[in-house]
Structure formats: structure tokens, C-alpha cells
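S.K.: One letter stands for each residue in the lines below.
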Amino acid sequence: MSEFPVREDTASLELWSARMRVLLSRALDVASEHDLPAVLQQIVEGAAEVAGARYAAIGVDDAEKQDGAHSADEALIMALAAFAASAIENAELVTAERVHADAVARQVAAEESERARRDVLAAVIAAQESERARVSRDLHDDIGQALTSVLLGLRLIEGPAQNEPDDDLVRRVDELRQLVVDALRRTRRLAFELRPTVLDDVGLAPALARLVADTAERSGLIVDAVVDSAPALGEMPPEVATAVYRVVQEALTNVVRHARATNASVAVTAAAGRLRTLVEDDGIGFDPTGPVSGHLGLKGMKERAELVGGTVRVVSTPGSGTTVVLEVPIA
Amino acid sequence: MLRVALCDDHGVVRGGLRRILDAEVDLEVVGEAGSVREAVTLAEVERPDVFVMDLGLPDGSGITATAEVRRVSPNTRVLILTVHDDVAYLRRAFEAGADGYMVKEAADVELVQAVRQVAGGRQYVHPTLGAALLAADAPHARPHGPGGDLSEREIEVLRCIALGMTNAEIAAQLFVSVRTVETHRAHIQQKLDIHSRADLVRFARDAGLLDQGSSPE
Numbered sequence: 001m002s003e004f005p006v007r008e009d010t011a012s013l014e015l016w017s018a019r020m021r022v023l024l025s026r027a028l029d030v031a032s033e034h035d036l037p038a039v040l041q042q043i044v045e046g047a048a049e050v051a052g053a054r055y056a057a058i059g060v061d062d063a064e065k066q067d068g069a070h071s072a073d074e075a076l077i078m079a080l081a082a083f084a085a086s087a088i089e090n091a092e093l094v095t096a097e098r099v100h101a102d103a104v105a106r107q108v109a110a111e112e113s114e115r116a117r118r119d120v121l122a123a124v125i126a127a128q129e130s131e132r133a134r135v136s137r138d139l140h141d142d143i144g145q146a147l148t149s150v151l152l153g154l155r156l157i158e159g160p161a162q163n164e165p166d167d168d169l170v171r172r173v174d175e176l177r178q179l180v181v182d183a184l185r186r187t188r189r190l191a192f193e194l195r196p197t198v199l200d201d202v203g204l205a206p207a208l209a210r211l212v213a214d215t216a217e218r219s220g221l222i223v224d225a226v227v228d229s230a231p232a233l234g235e236m237p238p239e240v241a242t243a244v245y246r247v248v249q250e251a252l253t254n255v256v257r258h259a260r261a262t263n264a265s266v267a268v269t270a271a272a273g274r275l276r277t278l279v280e281d282d283g284i285g286f287d288p289t290g291p292v293s294g295h296l297g298l299k300g301m302k303e304r305a306e307l308v309g310g311t312v313r314v315v316s317t318p319g320s321g322t323t324v325v326l327e328v329p330i331a
Numbered sequence: 001m002l003r004v005a006l007c008d009d010h011g012v013v014r015g016g017l018r019r020i021l022d023a024e025v026d027l028e029v030v031g032e033a034g035s036v037r038e039a040v041t042l043a044e045v046e047r048p049d050v051f052v053m054d055l056g057l058p059d060g061s062g063i064t065a066t067a068e069v070r071r072v073s074p075n076t077r078v079l080i081l082t083v084h085d086d087v088a089y090l091r092r093a094f095e096a097g098a099d100g101y102m103v104k105e106a107a108d109v110e111l112v113q114a115v116r117q118v119a120g121g122r123q124y125v126h127p128t129l130g131a132a133l134l135a136a137d138a139p140h141a142r143p144h145g146p147g148g149d150l151s152e153r154e155i156e157v158l159r160c161i162a163l164g165m166t167n168a169e170i171a172a173q174l175f176v177s178v179r180t181v182e183t184h185r186a187h188i189q190q191k192l193d194i195h196s197r198a199d200l201v202r203f204a205r206d207a208g209l210l211d212q213g214s215s216p217e
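Here the protein sequences line up with chains A and B, keeping their order. Numbering of the first sequence is given in the numbering used here, commencing with residue 1 and proceeding in unit increments. Numbering of the second sequence is given in the numbering used here, commencing with residue 1 and proceeding in unit increments.
Only chain A is shown next, with the shape it has when bound in the complex (with noise of 0.2 Å):
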């Protein structure tokens, strides 16, 4: 029996290739009595990986000899120990192509499987756009006229009481008023949450001043917008507006919720074909590396900027503040 290294050891098979040579006439002699095919396969198929390196065994079992080994039997075993080791190469090679093939034909897939999940997303994104903004309208048209109505129809009941002073109805109208006008508020703030329809209407600037407004409002963080007024900006495809508008969005929600800031500022600039909106806060900050960073929506936000073709940056460190940056090409 004979351990031999099959590919880590090159001197080896070197040696073993050289003293081959030499020997190869006599041993080919040797073979012949042999079916030499068959030992190869064995060889091949036996070799084991030990430790990172292979190693084969290659036994000679013949009853005629077993009285010591022979020199011509030697010279066999280094024959078919380099054959072996060079079928194994050969073997190992086809494999790695194979491997290889596989990778990039999975490479291929998963490009073109990202591609249709990038346009899935777009579309479903696009469509929840859509009928946020048609819930929106119908809630400022439908039920914010339904109530307009409740409220005119109880100025109507509570004018004549007023004439002839029925204090119980004039304060239970007065409530009913109050209800009115709450829902009315409601379903404005709801409407706008879902879709401003002056995004559609107006454009992004106003949008935008509403939100900020909103926030300051709702969180007491002093906040504040300003949109480029370049003029780049007025022919923002409603794709981008859209897209900004919600990665702002998340991002302040972010402030509000874990940056324990005081001021926030979003700013919107237009320079170089490039739409740059930053989102500013001068809270605790966190490491964008950490695992929490996971939980903040950027990967929302990143692919709202990918369907326009943008990014998104995340800019902080713990204790000063954080940025988030999109950048997104307009034409």
C-alpha cells in the first residue's frame, strides 16, 4: 500500500512524473496483464479528500508477489498513481467548469428574476399609488360632501331653534356640529395620509410643506422644507415627485420615532441632472452598519429610489445626527 498526495504535493508528482518516464516502456508491459482502465476508475473513484488534500490508495493484490515489493511493481504504481493523479485534475477541471457554467447560468436567472421582481414591485407600487390617490379623492369627494351636507342640513335645524330658545336642542346641535366637523378634519387627515391630492395637483414643493407641517404638528420637532426652485423641478416626471415625496416621508417618520431630535430639515436641490433631497436630523444617531439600521424602512425607501433609477444614502454616526440622501438623474 502507498498514500500519494494527488495535487497539493507538486515536487512529489513531479518526481513521480520523472522517475515515470524511465519506467513507463516497462511498466506499459506490466499494465497489459492488468485491466488498466478498471484500476484507473478504482483510483479515481477512491480517491478521498483528507484535510483539504486527496489522497488515493493504490494496493497491489497479487498473490504471486506478495512476497515484497517489486521493483517493476513499483514503477506500475507511480505509472498509474500519475495517470490517476492527472485523470482526477481532469476530472476536477470538467467538474469546476460545470460549477462554474451552473453559477453563471444562475447569475443569468437571478438577473433576469431581479428584473421581473424590479418590475413587479413597480407595478405594484404604481397600482397602490394609484388607488391611494383614488381613495383619497373619493374620501374629499364622497364622504367629505356627505358630511358637508350633515352640517349644512344641521344649520337648518339649529337657525329656527335659535328663534324660539330651546337651550337643550341648541346644545344638542351644537354637539352633532362639533362631530360633523371632526369627521370632517378626520377625513381630511386621512385622505392626505393615504395620497395629498396636491402632489397630483399642485406638485411636490407644496407637498412636501404640508408634510413637514404635519409633523411638526403632530411630533412638536421643529421641522422645516425647502424645494430648488430651479426650474428643472417644475417638470419633475409625477414618478419622481412620488418617489421623493415617500422616501421624506419614511425618513421623518424615522426622526419622529427613534432620532429623539430637535430640528429636522428637508431639503430638495437640483444640480448637475441630478435631484438631491436630503433629510437632515441633529438627533442621537446610529451605526448605519448596526443590525438596527434593518428595521428603519431603508429598504423601502431604497427601492422607491431604484424604480426612478435613484439611491438612497445613509449618513450617520452615534451622537450627531443623521442624513438620508437620495439622489435621483432627472433629465
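Just so you know, nobody snuck in bad clues.
Pulled from the structure, derived: some chain B residues nowhere near chain A, Cβ distances all over 12 Å:
no. : residue
1   : Asp26
2   : Val30
3   : Val40
4   : Val45
5   : Arg116
6   : Gly130
7   : Gly208
Now the stretches of chain B that chain A is said to cover, found in silico as 3 or more residues with beta-carbon under 8 Å:
no. : segment
8   : 87–95
9   : 104–112
10  : 196–204
Selected chain B positions facing chain A (in silico; Cβ < 7 Å):
no. : residue
11  : His10
12  : Val12
13  : Val13
14  : Gly16
15  : Arg19
16  : Ile20
17  : Gly56
18  : Val83
19  : Leu163
20  : Gly164
21  : Thr166
Calculated from the structure, these hints are not laboratory results. Just so you know, even glycine gets a beta-carbon here, dropped at the ideal spot from N, CA and C.
Got chain A sorted already, so can you dock chain B onto it with the hints?
M.R.: What follows is chain B alone, placed relative to chain A:
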């Protein structure tokens, strides 16, 4: 007698408005419209003193209708009555020629007064919206002249901030450390008494610092 026309796509709302207006001795509703097209025709035919106009109409916006009504009947004053309380709509409406803007939640108590005020040649804006308008137009940053007493370096940093660059990007552009940029920025904010990037952008814009045509790269 003030002649009033109504435009709203909801019949029930129009009915309610009509009854509130008709209850006043000096007001008379001369017609109702449910769309932009109907409103324009009604204005042409009746030439009302005041047109009470909704913004969301089935065939277009009340802002379009306002401009059209004013075109066909220049003496008609338009009072917008809408659920939308965005200052942006208010501005658009006034640009289109409206003289009044009120929200529907105040329709029951403010309508009559608003109609009279607009008819009298004055403008009417729902109080909370008027306040929002003032806030939106208030100067955010007091201009101290171009850059005030900022150093040249600070003006450079301010320009970069106004162009939307992060501290790290400014540091790279000016070949200084992020820490240095932070210090400059703190000084700028202190000197100008401005504490948000949005206000710094406005200040830089108003001071003409962005007119030199530079990009964040």
C-alpha cells in the same frame, strides 16, 4: 339684492347651501351648476355677483372654472368652498382670479359673511388658512447681506450645504476633515442664528450664493 350662483357636483350640498343663502333677505341663489362646463354657461347667462365654487369637479378643477367664469363674466366674484385646506390651492385659486377661499367645515357659519365680504369687493380667507399663508410667506432667515460677517471659508461651506452636500462630501471637496466642516457649520449657524439646513439653503439662495453655477460634484 346679491345674486349668488353655486357650483358643486353634489346636489345635496348645493341644496344645503341654497337654503342657508336663501334664508338671508339680501341674498338670492340664481342658479346651480355641477361641473366646470355648467358653471361657465351659468356665469355667462346669469352674470351673478358671487359664484360659490367647489374645487373638485367631475370635468376639471374649480380653479379652471374660476378663470373661465372670470373671463366670461368679469364682474362675478368667485368664492372657493372646498374640503382642501392646502395653502397651495389657495394661491392657485387667487392666481386664477378668486376673491375668497373657505373650507367646507366652516360652510355653515362663515358662508353668508364670506359671500357678503367678497361681493363688497374685499377678499375673504378662512382664518386658519390665512394664518397658514402668513406662516408660509414669513421670511425664514433674516438676510444679513451676502454672507454677513462670515469668513470666506464659511461662505464656501455654506454654498456647499445649500447645494445639498453632506459634511463628508464638503470635506472631500474642500480638502479638510469632516470635523472641520462641522465646526465651520456650527459657526455659520451661530453667526446667522439659523438652525436648519432648509433655512441655510434659503439664506444662501437669497444672498445670491447659488448663482455661481456650481454642482455638488
